[in-house]
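Chemist: Position in the sequence shown (from 1) plus 52 gives the number in the numbering used here.
There could be a bad hint or two in this list.
Said to hold, decoys possible - Only pairs whose alpha carbons sit at most 27 Å apart, straight line, appear in this in silico DSSO-like list of lysine-lysine:
(1) K144 / K134
(2) K116 / K144
(3) K220 / K144
(4) K71 / K144
Unchecked claim - DEER-style ranges, computed between Cβ atoms:
(5) A57 / I244: 56 to 66 Å
(6) I239 / T131: 49 to 59 Å
(7) A439 / G287: 45 to 55 Å
(8) D367 / I267: 27 to 37 Å
(9) K116 / I235: 43 to 53 Å
(10) A439 / A289: 15 to 25 Å
(11) V241 / I434: 30 to 40 Å
(12) R371 / G437: 51 to 61 Å
(13) K144 / G65: 14 to 24 Å
(14) G372 / A234: 18 to 28 Å
(15) E360 / V246: 44 to 54 Å
(16) I244 / A435: 46 to 56 Å
(17) I233 / L63: 16 to 26 Å
Just so you know, these hints were derived from the structure itself, not from any lab.
Positions of the beta carbon are idealized from the N, C-alpha and C atoms, including for glycine.
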Amino acid sequence: MPIFAYKGRSLRGEAVAGKLEGDTAEMVASRLFNSGVTPIEIVAAQSAESTDVAELWRRIGGGKPRTADLIMFSRQMYTITKSGIPLLRGLKGLSESTHNVVLRRAIEEVIVGLESGRDLATSFGRHPEVFSTLYVSIIRVGESTGTLENSFLRLCEYLAQDQDIQDKVRSALRYPTMVMIAIAAAIAVITIFVIPNFAPLFRVLGNDIPMPTRIIMAVSTFSQQYWWVVLGLIGLAITGARQYTSTDKGRYKWHRFKLRLPVVGKLVHEAILARVSRSLSIGLAAGMPMIQTLNVIARSAGNDFMAERVLRLRDAVERGDPLSRAAATVGMFPPLVLQMMAVGEETGDLSELMDEVAEYYQREVDYTLKNLSALLEPILIIAVGGAVLILALGVFLPMWNMVAKVGAGGAG
Numbered sequence: 053m054p055i056f057a058y059k060g061r062s063l064r065g066e067a068v069a070g071k072l073e074g075d076t077a078e079m080v081a082s083r084l085f086n087s088g089v090t091p092i093e094i095v096a097a098q099s100a101e102s103t104d105v106a107e108l109w110r111r112i113g114g115g116k117p118r119t120a121d122l123i124m125f126s127r128q129m130y131t132i133t134k135s136g137i138p139l140l141r142g143l144k145g146l147s148e149s150t151h152n153v154v155l156r157r158a159i160e161e162v163i164v165g166l167e168s169g170r171d172l173a174t175s176f177g178r179h180p181e182v183f184s185t186l187y188v189s190i191i192r193v194g195e196s197t198g199t200l201e202n203s204f205l206r207l208c209e210y211l212a213q214d215q216d217i218q219d220k221v222r223s224a225l226r227y228p229t230m231v232m233i234a235i236a237a238a239i240a241v242i243t244i245f246v247i248p249n250f251a252p253l254f255r256v257l258g259n260d261i262p263m264p265t266r267i268i269m270a271v272s273t274f275s276q277q278y279w280w281v282v283l284g285l286i287g288l289a290i291t292g293a294r295q296y297t298s299t300d301k302g303r304y305k306w307h308r309f310k311l312r313l314p315v316v317g318k319l320v321h322e323a324i325l326a327r328v329s330r331s332l333s334i335g336l337a338a339g340m341p342m343i344q345t346l347n348v349i350a351r352s353a354g355n356d357f358m359a360e361r362v363l364r365l366r367d368a369v370e371r372g373d374p375l376s377r378a379a380a381t382v383g384m385f386p387p388l389v390l391q392m393m394a395v396g397e398e399t400g401d402l403s404e405l406m407d408e409v410a411e412y413y414q415r416e417v418d419y420t421l422k423n424l425s426a427l428l429e430p431i432l433i434i435a436v437g438g439a440v441l442i443l444a445l446g447v448f449l450p451m452w453n454m455v456a457k458v459g460a461g462g463a464g
């Protein structure tokens, strides 16, 4: 989609300028009128060819801002609001220095919204692909209470801590993933390239070939002759799984399955509870109502199964239950955390106590990560041993039969 540069006047008569996407200049003019800006000049800023590539990259998600980009943006916004720099001037400076295309365009459209009289939170809310519901809600509370700089500081710290724990989990999961891929690759190589070399030797046995060997030889022969079918079936299985997990029901079951995996499920569960606890802490600290905070957390939990439990927690709180009792009913937190919640409710420091809960889960994640290799080793050894045993039996059983036949023939 082409990009147009425009100049115009806001409802207050101030000169405004920026860039917008649109199929035609008329569409851009219509958007400007709807946002309260009277366009004076609209010209094409980039060629259609270059923007088509950028648009394609944007649509497939390649240009979506990383968490690191939002951390930097939040830190810069904190500096701008704390130092008293006018928001419009600060945002224009950020739009010029921001490298991520999607974030830069969002900032430019936020500037247009502010110039037309829209508040900052509403302007952010028009870009859900960049700013989450939690982000927008915290900014809205900060605007209404006059603590915008603190809101940006909280968001910066929240995003940094969340990114830290997510990066640690991803890094830890690379090891078992690579091991399982290596096992699968080794089995494929042995089945396709090694087993066929033994086939002439096995045929000497005739009907005396053991069943495991017959199965392995059949799989090997099929994989060699119909490799394209095997690749097609693998591709079909991956596509089908992706399609199924893109549905609400499939995604819910997949997210629940991940939490039930041995060792890894515990790690993912703790990471999600750390995010939920920290989100609750930052929301309450910013002055958001409990129900609204839980609604926002359910949307940003990152796991449909856990999001459903957060919504059940919200329903219990709506019925008048204290948070600690509601959490006990839902079964979302262990007794120690429930006690911390109860203390926070009694002392009126629930926000600080939930931050302590988040730190508790952060420490649990760190501990699990340190011991992950030791915890996964037995599982990986069993997996590798099972694969080796199956292949070894398939290859060596017929050899043992041949040796037994030769021995019996010699004795006779």
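Chemist: Now, for every hint given, state plainly whether the structure supports it.
Modeler: Okay, the hints, checked on the actual structure:
{"no.": "1", "hint": "K144 / K134", "verdict": "17 Å, holds"}
{"no.": "2", "hint": "K116 / K144", "verdict": "20 Å, holds"}
{"no.": "3", "hint": "K220 / K144", "verdict": "35 Å, violated"}
{"no.": "4", "hint": "K71 / K144", "verdict": "12 Å, holds"}
{"no.": "5", "hint": "A57 / I244: 56 to 66 Å", "verdict": "58 Å, holds"}
{"no.": "6", "hint": "I239 / T131: 49 to 59 Å", "verdict": "55 Å, holds"}
{"no.": "7", "hint": "A439 / G287: 45 to 55 Å", "verdict": "23 Å, violated"}
{"no.": "8", "hint": "D367 / I267: 27 to 37 Å", "verdict": "52 Å, violated"}
{"no.": "9", "hint": "K116 / I235: 43 to 53 Å", "verdict": "33 Å, violated"}
{"no.": "10", "hint": "A439 / A289: 15 to 25 Å", "verdict": "19 Å, holds"}
{"no.": "11", "hint": "V241 / I434: 30 to 40 Å", "verdict": "21 Å, violated"}
{"no.": "12", "hint": "R371 / G437: 51 to 61 Å", "verdict": "52 Å, holds"}
{"no.": "13", "hint": "K144 / G65: 14 to 24 Å", "verdict": "19 Å, holds"}
{"no.": "14", "hint": "G372 / A234: 18 to 28 Å", "verdict": "55 Å, violated"}
{"no.": "15", "hint": "E360 / V246: 44 to 54 Å", "verdict": "48 Å, holds"}
{"no.": "16", "hint": "I244 / A435: 46 to 56 Å", "verdict": "20 Å, violated"}
{"no.": "17", "hint": "I233 / L63: 16 to 26 Å", "verdict": "59 Å, violated"}
Of the numbered hints given earlier, the model fails hints 3, 7, 8, 9, 11, 14, 16 and 17; all others are met.
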